[in-house]
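Chains W and A supply the protein sequences, listed in that same order. When the letters of the first sequence are read in order and numbered with our numbering, they come out as residues 6 to 518. When the letters of the second sequence are read in order and numbered with our numbering, they come out as residues 6 to 381.
Hints listed in this document are in silico derivations from the structure and should not be mistaken for laboratory results. Careful, some of the hints might be misleading.
To be verified - A few chain A residues facing chain W, derived, Cβ under 8 Å:
id, residue
1, Gly76
2, Leu121
3, Ala342
Claimed, not checked - Cut-off 30 Å, straight-line C-alpha distance, at most; resulting in silico cross-link-like pairs (BS3-like, lysine-lysine):
id, chain 1, residue 1, chain 2, residue 2
4, W, Lys130, A, Lys53
5, A, Lys247, W, Lys362
6, A, Lys371, A, Lys212
7, W, Lys509, A, Lys53
8, W, Lys134, A, Lys368
9, W, Lys354, A, Lys155
10, W, Lys59, A, Lys371
11, W, Lys509, A, Lys375
12, A, Lys371, W, Lys60
13, W, Lys130, W, Lys59
14, W, Lys130, A, Lys63
15, A, Lys48, A, Lys290
16, W, Lys513, A, Lys368
17, W, Lys274, W, Lys299
18, A, Lys362, W, Lys133
19, W, Lys60, W, Lys220
20, W, Lys59, A, Lys375
21, A, Lys368, W, Lys133
22, W, Lys59, A, Lys63
23, A, Lys247, W, Lys358
Keep in mind that this is a model prediction, so the values were computed, not measured. We put the beta carbon where it would ideally sit given N, CA and C, even for glycine.
Chain by chain, the residues run as shown.
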Amino acid sequence: MLGNVDLTLVDWSRAQFALTAIYHWFFVPLTLGLSFLIAIMETIYVRTGNEEWKKITKFWMKLFGINFAIGIATGIILEFEFGTNWSNYSWLVGDIFGAPLAIEGILAFFIESTFIAIMFFGWNKVSKKYHLASTWLVAFGSNLSALWILVANSWMQSPVGMHFNPETARSEMLNIWDVILSPVAENKFLHTITSAYVLASLFVICVSSWYIYKKRDLLFAKRSIVISAVFGLIAALFVAITGDGSAYAVAQKQPMKLAAMEGLYQGQKGADLILFGVLRSDAQQDKTDNFLFKIGAPKMLSILGYRSGDAYVPGIKDLVDGNKQENIMSTAEKMDRGKIALAALRSYKEFRKMNDKAKADSSLVVFNQYSQYMGYGYFDKPSDVVPNVPLTFYSFRIMIILGVFFILLLMVILFYAVRNKLESKRILLFFSILSFPLAFIASQAGWIVTEVGRQPWVIQDLMPTSVATTHISSTSVMTTFFLFAVLFTVLLIAEIKIMINQIKSGPKGGDNV
Amino acid sequence: MFETYSYLFLQQYWWVIASLLGALLVFLMFVQGGQTLFNTVAKTEEEKTMLVNSMGRKWEFTFTTLVTFGGAMFAAFPKFYSTSFGGAYWVWLAILICFVIQAVSYEFRRKPANFLGPKTYETFLYINGSLGVFLIGAAVSTFFTGSAFKLNLFNQVEWQNATRGLEAVLNVQNVALGLTVFALARVLGALYFINNINDENIYVQSKKQVLYNSIVFLIFFLTFAGLLLVKDGFAYDPATNKVSMESYKYLHNLLQMPVVLVIFLIGVVSVLAGIFVTLFKKSKKGIWYSGIGTVLTVFALLLIAGLNNTSFYPSTSDLQSSLTIANSSSSHYTLAAMSYVSLLVPFVLLYIYFAWKAIDRVKIEKQEFKDNEHIY
Numbered sequence: 006m007l008g009n010v011d012l013t014l015v016d017w018s019r020a021q022f023a024l025t026a027i028y029h030w031f032f033v034p035l036t037l038g039l040s041f042l043i044a045i046m047e048t049i050y051v052r053t054g055n056e057e058w059k060k061i062t063k064f065w066m067k068l069f070g071i072n073f074a075i076g077i078a079t080g081i082i083l084e085f086e087f088g089t090n091w092s093n094y095s096w097l098v099g100d101i102f103g104a105p106l107a108i109e110g111i112l113a114f115f116i117e118s119t120f121i122a123i124m125f126f127g128w129n130k131v132s133k134k135y136h137l138a139s140t141w142l143v144a145f146g147s148n149l150s151a152l153w154i155l156v157a158n159s160w161m162q163s164p165v166g167m168h169f170n171p172e173t174a175r176s177e178m179l180n181i182w183d184v185i186l187s188p189v190a191e192n193k194f195l196h197t198i199t200s201a202y203v204l205a206s207l208f209v210i211c212v213s214s215w216y217i218y219k220k221r222d223l224l225f226a227k228r229s230i231v232i233s234a235v236f237g238l239i240a241a242l243f244v245a246i247t248g249d250g251s252a253y254a255v256a257q258k259q260p261m262k263l264a265a266m267e268g269l270y271q272g273q274k275g276a277d278l279i280l281f282g283v284l285r286s287d288a289q290q291d292k293t294d295n296f297l298f299k300i301g302a303p304k305m306l307s308i309l310g311y312r313s314g315d316a317y318v319p320g321i322k323d324l325v326d327g328n329k330q331e332n333i334m335s336t337a338e339k340m341d342r343g344k345i346a347l348a349a350l351r352s353y354k355e356f357r358k359m360n361d362k363a364k365a366d367s368s369l370v371v372f373n374q375y376s377q378y379m380g381y382g383y384f385d386k387p388s389d390v391v392p393n394v395p396l397t398f399y400s401f402r403i404m405i406i407l408g409v410f411f412i413l414l415l416m417v418i419l420f421y422a423v424r425n426k427l428e429s430k431r432i433l434l435f436f437s438i439l440s441f442p443l444a445f446i447a448s449q450a451g452w453i454v455t456e457v458g459r460q461p462w463v464i465q466d467l468m469p470t471s472v473a474t475t476h477i478s479s480t481s482v483m484t485t486f487f488l489f490a491v492l493f494t495v496l497l498i499a500e501i502k503i504m505i506n507q508i509k510s511g512p513k514g515g516d517n518v
Numbered sequence: 006m007f008e009t010y011s012y013l014f015l016q017q018y019w020w021v022i023a024s025l026l027g028a029l030l031v032f033l034m035f036v037q038g039g040q041t042l043f044n045t046v047a048k049t050e051e052e053k054t055m056l057v058n059s060m061g062r063k064w065e066f067t068f069t070t071l072v073t074f075g076g077a078m079f080a081a082f083p084k085f086y087s088t089s090f091g092g093a094y095w096v097w098l099a100i101l102i103c104f105v106i107q108a109v110s111y112e113f114r115r116k117p118a119n120f121l122g123p124k125t126y127e128t129f130l131y132i133n134g135s136l137g138v139f140l141i142g143a144a145v146s147t148f149f150t151g152s153a154f155k156l157n158l159f160n161q162v163e164w165q166n167a168t169r170g171l172e173a174v175l176n177v178q179n180v181a182l183g184l185t186v187f188a189l190a191r192v193l194g195a196l197y198f199i200n201n202i203n204d205e206n207i208y209v210q211s212k213k214q215v216l217y218n219s220i221v222f223l224i225f226f227l228t229f230a231g232l233l234l235v236k237d238g239f240a241y242d243p244a245t246n247k248v249s250m251e252s253y254k255y256l257h258n259l260l261q262m263p264v265v266l267v268i269f270l271i272g273v274v275s276v277l278a279g280i281f282v283t284l285f286k287k288s289k290k291g292i293w294y295s296g297i298g299t300v301l302t303v304f305a306l307l308l309i310a311g312l313n314n315t316s317f318y319p320s321t322s323d324l325q326s327s328l329t330i331a332n333s334s335s336s337h338y339t340l341a342a343m344s345y346v347s348l349l350v351p352f353v354l355l356y357i358y359f360a361w362k363a364i365d366r367v368k369i370e371k372q373e374f375k376d377n378e379h380i381y
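Chain A on its own, in the form it takes in the complex:
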C-alpha cells in the first residue's frame, strides 16, 4: 500500500506524524508544569503527596513521548537528527539532563536512605519542569527562527556558534516560545490537579495558578504568534530545492492551508475555553478542553513549520544548508516501511486511553495514601 505512494506524500505523512507526536508531547508536559507547582499549590505535606502522586502516575507518558519523538525523527528525518542533535549539542544535552534527573525523582523521593534527600529530588523535578520545558520551547522555536550551521558536501554539520545551540536563548522569539510553553505547562498542570484530585484547598490554589499562569501564557503566546505571522520565513522551491526568504511565509502557510488554519483557531479557542470554564464556570474538566486545544495548536504550528514548501530547520548561516522534509528524509523504502508501523499508533492510543481511564476512574484523595499503596 504505502510503497505505491509518492516520495513527497510519505515525507508529508511523516511530518504530520512527527508534528502530532510533538503536539502530544507539549500537552503531556502538564506533568512538568505540575512539578513546578508542588510548593505553590500545596499547603501541607499531605497535599504535596497528593500532587506528587498525581503527576507521578503520568510522568512516564511524557518521557516515552519524548523518546518516541526522537526515534521518529531519527527514522523519518535522519538529517535533522544528525544536524540538530550533533550541532546544537549543548542545548539538547541540557534538555536531556533535565529529563534524566526527573526519571529517578518520583521513585526515589520518599524512599528511605535515598542519599540526596527529598528536597533534592523535588528540586530535580522543578528544574525539569522549568528549565527543561523552557529549553524545549526555545529549541523548537528555532524551527522558525533558524540556527547557524552549514552542511558540507557529505551532509555533515558544522555548527557556526561555539555555544552549540545555547545561543537560541538570545533570540526574543525563541525566549517568547520557551516562556509560552513553560506557562502553558503550568496552566495545564493546574488544570490536571483540579480534575484529578478531590481536595478543596488544592482546587482553590490550583484555580489561582490557572489564572496567574494564563496571563503569562497569553502575553508570551501573543508575542510569539505576532512575531511569527509578520516575519519572513524560509521557503524552498520544490523544483530546484533552493531555499529563499519569503515575506509573511508562516502567515501565508496558514492562509494557503485553510485546514491548518482551522485547526489552529479551534486549538487556540479550545485552550482558552478550558481556562474560561475553570475560572468562571467552576468546571473541573478544563484540562480536556485546554489539553485538546494544546494538541491542535501545536500540531498546526508544527505543520506550518514543515509543510507548504517550508524549511523546518533553517540555517541562518547558509540558506542552502537548510533542512526541508524533502532533503532531510529517509529513503522512500524506509518511509514506506515505517508507515506500516505507524498504523499501530491508533491502537497504542486506544490502550493508553483505557489504561489511563482505569487508573483515573477513582480520583486521588487523602485517604488513598493512608492505605498501604505505592507512594511517591
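The shape of chain W in the complex, shown without the other chains:
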C-alpha cells in the first residue's frame, strides 16, 4: 500500500513527535491541576471575603499564567504535526481522529481563551462572582480540552466505532459515541487528569514547603499546602483506581503492551505482578528466567488484567509464536493474512481504476475476508510486533512506585499540616520539595508506558507507525527536530528562570496579577 519504508524518516518523525509531546507534557499537567486549585482558592476568598485568600489566589494565578503560555506554544505544534509529519496517518484516520480535535477547539479552547482574559484582567472590571465563574470556566475548559485529545489518543490504542472503507482507502467512523465512551477513553481521561492534579498539587506543596523551609510567608504557605494536599490526596487515590481500570483495558485491548509492562516473556496462568525486578540484558522470549531479581505479588497480574486469579496472561512468546491451547494466533499467520489483504486492496483499487468491476469485486471479497489483519501485512518479521520491553517495564515500575510514594507523602503532609507542625519537620519539607520533579518523572514515565508500549502500532492492529509518516526527506524532519529542540529548550529555560524569580519574590513581591 505504501511502498518502501524509510526507517530513518520514521525514527526522526517519532523523535520529533516525542520531543514535542514531552515538552508539551511538562506544562499541561500543571495547567490542568493549577486551574482547579486556583478556582478552589478563589472560591474560599469569595465566600470568606478574606483578602489573604485573594493574595494566595493571585500568586498561584501568576505562576499559572507563565506556564499556560508555553503550554499553548507546544500544543499548536502537536496538533499540526499530525498533518505535517504523519500525513498518511491523517488521511487513513482523519475521518475519525479529526472530530475530537475539532470539538476540542470549538468547545474547549474558546472557553479557555475567552475566560482566561477575564481571569487575568477582570479583577477590577467585573463583579467578584463573575470573576470566580470565569476562573472555574478556565479550569473546566482546560480539562475539557484534555478530554477530547485523550479520546483521540485512546482511539489509537483501541480503535472502535469505525470500519475500513476500501473505496476511499481509509477508516471511517460508524459511531461517534463508541469513540467517545470507549472504556479505554474513560479510564485514560480520568487517569491522566487526576495524575495532573497530583502533579499540580505537588508543585504547590513544593513551593510552599520551600517557603516554610526558609521560614518565610508562613501563613500563605500553610494554607496553600492544606488545600493542595487535600486536593492532591483525593486525586492520587483516583489515580490508583483509574490505573487499575487502565491496566484492565490494556490487558483486553493491548496484550503485547501488558506483556512488555510486566516483562512477561512466557505466558502464565495465575501470573504474578512484578513489584520490583531487574531484567537480564539478554532477556528474550525463549528463555524461562529473564530476571536477575524480582519481587512479585502472587496471581495479582491475572487478577488485575482478567479479574481472575487463575486467568492465563499471554506472554511475548505466545503473542509472537502463537499458542493453540490458549487460542492465540501467531504473528506470522497474521502477517500472511495481512499481506493477502494488502495485495487484494491494491488489486481492488487498480481494477476499479480500469473499470473492471468483476475483478474488482472478487478482490474485494478477498480483502474483506482478511482485512482485520491488514496492519500486520506491513511487517517483515514476527518479532517486529514487540515493543521496547526494558523501557516499558522500567517506566511502568517508576510510575507505580512514585505513585505509591506520592499517596504516602500527601497523607503525611496533610497529617502534619492540619496539626500545624510542618515547620519542625525538616526532612518532610525536603521530601516535599523533591516531590515535584519526581512527579514530572512519574508523569512522563506514564506516557512512555502508553506510547512506547504500544509500538510498533500507531493505531493498534491497524496501522504500524512505520507507514504513517509523510513522504518527505528525513533531512527535513531532522532539521525541524533540531529547530524545535533548540526553540523549546530556550523557552523552557526562560520559563524556569521566570518561575524561580517569581517564586523567590514570593506572594508579596514580584509582578502582581
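Position chain A relative to chain W; hints supplied.
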C-alpha cells in the same frame, strides 16, 4: 436532523463553516498587525505598554481560531489536512514557528529574569505579525493558484517541489495576497488601537498608520483581486469528478452565486467605510466597519474557492489530484455528527461577545498600569 441531509449539502455546509472560521481568523489577525506597529505608534515606553496590553488581551482569540480552523479542516476535509500540511511542510512549519514564538512573548516580555530580554520577545511578536501573516496569506492564495503535488492510488501526497511549499512565495498572486493580508492586519491593528485606547498620541499615530497601510493594502488587494477575476480557475464536473481548467472561473463563481457577490461587495465597501470614517470623520469605531467588512470579504473569497464545483486545493502537477469539497471530505456520518457540534458555534460567539464586552467596557488608559494589575 443532519443525517437526513445529502452528502453534498453537508460538504457545502462544512466548507461554509471553514470559510467563516478562516474569515474570522483574518479579522482577528488585527492582533498580528498591531504587533508590527508597537514601535511605530508608541513614542514612549508607557505608550508601548498600553499598545502591548491592548493586543495582549486578545491574542489568544486569534491563536484559538487558528487552531480551531486546523481542527475543523482535519475533521471535515482530512484529505486537505494530509495533503497540504504533509506536502507543503516547510511553509506550514514556518507559520507554526511564527505562532509558537508569539504564544510566550506577551507573558514573558516584562517578567524579570526572562532569559532573552524584552527586545527579543518584541522581535518575536514582530516576526509573528509580519512573516507569519504574510505566509498565511501566500499559503491561502494557493487555493486559487494551485500547488505542485500528486496523490497516489491511496490518496497519499507526493509533493513535486523540494522547497515543500515555500515555492508559493515565487508566485506574484500569492505574494500579492500575502502583502494584502499583512497590510490589512496593520490597518485593523491601528483601528483597534484607536478604538481600545484612550490616548491622544496613540490616536494620532494610529490614524497615520491607517492611512499609510490602507494605501499599501489597496494596491495589493486590487492586484490580487484583478488577477483572480481574470485568471483561469480549477473547475470540476460533479458527475465525473474530473477537474479541468475554466476561463474566468472565479469571476463566474461570483456571478453564478449572486449572494456571495453581494457579500463580497458589502465586505469591500465596509472595509473601506471603516477606513474612511476613521480618516475623515474622526470616528473611533472604524474597527467595527472594517472588521465586519474583512470577515465578509474573506468569507466570500473562500466561498468562491470551494463552492460552485471548484477545486479548493488544486494541483498544478496533476489536475486529477486536485482536492474538491466532494473528494476530500470526511464521510457522511462524520460530517453529520460534526454538524451537531457546529450548532454550538453561535453559543460560543455569544459568550465571547459578552466576555469581550466586559473587558473592553473600560478603555485602556495610562492610569490602569499604575495600579497593580497583570501587565504584559
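Legend entry - Structure versus earlier hints, numbers of those that do not hold, lowest first: none
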